[in-house]
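Protein chains: 2
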Amino acid sequence: MTASLSKNINIVPFVSVENMMNLVLDVGIETFLRELGGFIEDDFKRWQLFDKTARVASHSTEGVIELMPTSDGDVYGFKYVNGHPQNTRNGLQTVTGFGMLSRVDNGYPVLFSEMTILTALRTAATSALAAKYLAPENADCMAIIGNGAQSEFQAMAFKALLGVNKLRLFDIDPQATEKCRQNLSDKGFEIKACKSAETAVEGAQIITTVTADKQYATILVDNMVGSGTHINAVGGDCPGKTELHHDILLRADIFVEYTPQSRIEGEIQQLAADHPVTELWQVIAGDAPGRQNRQQITLFDSVGFATEDFSALRYVRSKLQGSVFFENLDMLADPDDPRDLFGMILRADKAA
Amino acid sequence: MTASLSKNINIVPFVSVENMMNLVLDVGIETFLRELGGFIEDDFKRWQLFDKTARVASHSTEGVIELMPTSDGDVYGFKYVNGHPQNTRNGLQTVTGFGMLSRVDNGYPVLFSEMTILTALRTAATSALAAKYLAPENADCMAIIGNGAQSEFQAMAFKALLGVNKLRLFDIDPQATEKCRQNLSDKGFEIKACKSAETAVEGAQIITTVTADKQYATILVDNMVGSGTHINAVGGDCPGKTELHHDILLRADIFVEYTPQSRIEGEIQQLAADHPVTELWQVIAGDAPGRQNRQQITLFDSVGFATEDFSALRYVRSKLQGSVFFENLDMLADPDDPRDLFGMILRADKAA
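Chains as they are written, first to last, in our numbering: chain A, 140 to 491; chain B, 140 to 491.
One chain only, chain A, in its complex shape (with noise of 0.2 Å):
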């Protein structure tokens, strides 16, 4: 299983499943989102720069499928990704998704790799980040509801990103809890399994809904957020998915990662469509405030942006020289005379 960046444009590498748990694991889980994180941070200041089009959704009776492309002006990505409810009553991924990275002056992909796992992991460092500016001050203790597929690198992220050790864990199936305190029991955590989401949110200063499955389901009422709680929200993520009551969101300050889809998909589709909230990249790039005082309740209304997966996709390209987890695709045809696709063929057929 070695490999080598090909100098051929027309060999894609390739990070397969295996390969990307290989390279995560090589670099370490915490380091792999701190600097996963980093990479989010950097493209969030250079906002501007990026060709923001909303996602293209390919709805069905059973689910979404969809394609979230964007473009820094050098480096064009996009991602495939579905969302099926039901998936996981066959066994199934709710989501799976791969992604690709390309050259902006040529148009000839660079990079092909798995998306399941990075999406997991780009959406917690999403998380982290965002509560790197609006947690309150030192908080080392959340409580995280729903304790599914994207509970544990919730929990890594924050641990990695702002040294949270307590957590306080939550979710109508005893089993899911028990699979992410045992997940989780020698990564350096103080893990409480609570009875129910009044218990788990209390002492903690940062609260994470992570459910999935629910239609406009409320997972925290308004008397249970305490003042000064950062809120992560990251479970309701498309229309008609929500897990938070509409009064926190009346006393909240909201943070989204872009208007337009989270007006949509995220938990201020419940609000008025001029109801008031503050991109992330403007607090990250300094133009606008992050938490304010130890009093405000914040929330990261998170969604998911095509930008995070294209700095996923960024950072993992930026781990691959000189590494050995990627094969080689042949995926782009490369004549030697470019208008001779046909004799390419042709010539095929004699080698045989």
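No lab work stands behind these hints: they were computed from the structure.
Mixed in with the good hints, there may be bad ones.
In this list, chains with the same sequence are indistinguishable; a pair is considered to hold if it fits within one copy or across any two.
[Stated by the list, open to error] Taking lysine to aspartate or glutamate and the DMTMM-like style, the derived pairs with C-alpha atoms no more than 20 Å apart in a straight line are:
| no. | residue 1 | residue 2 |
| --- | --- | --- |
| 1 | 271 | 180 |
| 2 | 489 | 157 |
| 3 | 184 | 361 |
| 4 | 326 | 488 |
| 5 | 146 | 466 |
| 6 | 489 | 165 |
| 7 | 458 | 169 |
| 8 | 489 | 169 |
| 9 | 146 | 475 |
| 10 | 305 | 244 |
Once you have looked at the hints, place chain B on chain A.
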């Protein structure tokens, strides 16, 4: 290089450039084009079923990168394709591409394929399919103006689907014509290399224009086109890129793939926005007449549409079972428990 289609849903068959060439050669180029034309024809017949989105383009000074998605309700497909006219100067393809099919019901990809070669094949098969309905009966002589990468594919498709066996070639670069002539020398054609476009069209019942890299070029002027001719205009396929003189368009009955896209990208961008055109699927489905008499000038104003790529991917997929022309890609994370993505990474660590 043996492979078998995996029963694991996380494994996706990938058709590399080499495997695509070998598949085409194994099936036979003419058989491939004829069968592919059949798939395109079948999908045009069920045109109403398709989710028809205009392509999502990212423009730069050097070119364009596009995603072309579509779905028939059961299967979703998209193609990535770039268009960079300057690429040939650097020995690169103007157009490269790859594509994918996935299941609508669960969002999991089922095919990933190179599409540089496949796009050349589907473009030619679509042209020949259109000509089957539009060209004069028993047409056997075709002029090809522009003898670049697409020219031989056009010739082979018209031979396979219509029995065209006389070619009259012209290119402003005689080397391109010579390359085309040589590549087709043992394919059963009577070939005449011509010194001008005017000479090339003499006696041809079908005129294919397939030049590239021109802004509002005029490859054909009005007095070159006699009554009864079918024009297959392939080279004009983006805003600002056309090949035919305006007056020809006014004399011809015009057939397009998808009107909203062709108004922007096709030859008809030169015409008023309400100039009457017929969509090819209407002719194929029997909802509109094709050629009506021997005097009529018909024009297929081809720009390429997502359903054609969908048909091409569907055809390739139909050829894979039992073949050796693919590799299995470990593209989708598939933990035993779908909620335990993090645990899958941890277990990869222990397994290493």
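Status of the hints after comparison with the structure:
no.: 1; hint: 271 <-> 180; in the structure: within (11 Å within a copy, 56 Å between copies)
no.: 2; hint: 489 <-> 157; in the structure: between (37 Å within a copy, 13 Å between copies)
no.: 3; hint: 184 <-> 361; in the structure: neither (33 Å within a copy, 55 Å between copies)
no.: 4; hint: 326 <-> 488; in the structure: between (56 Å within a copy, 14 Å between copies)
no.: 5; hint: 146 <-> 466; in the structure: within (14 Å within a copy, 22 Å between copies)
no.: 6; hint: 489 <-> 165; in the structure: between (44 Å within a copy, 12 Å between copies)
no.: 7; hint: 458 <-> 169; in the structure: within (15 Å within a copy, 45 Å between copies)
no.: 8; hint: 489 <-> 169; in the structure: between (52 Å within a copy, 17 Å between copies)
no.: 9; hint: 146 <-> 475; in the structure: within (15 Å within a copy, 38 Å between copies)
no.: 10; hint: 305 <-> 244; in the structure: neither (48 Å within a copy, 40 Å between copies)
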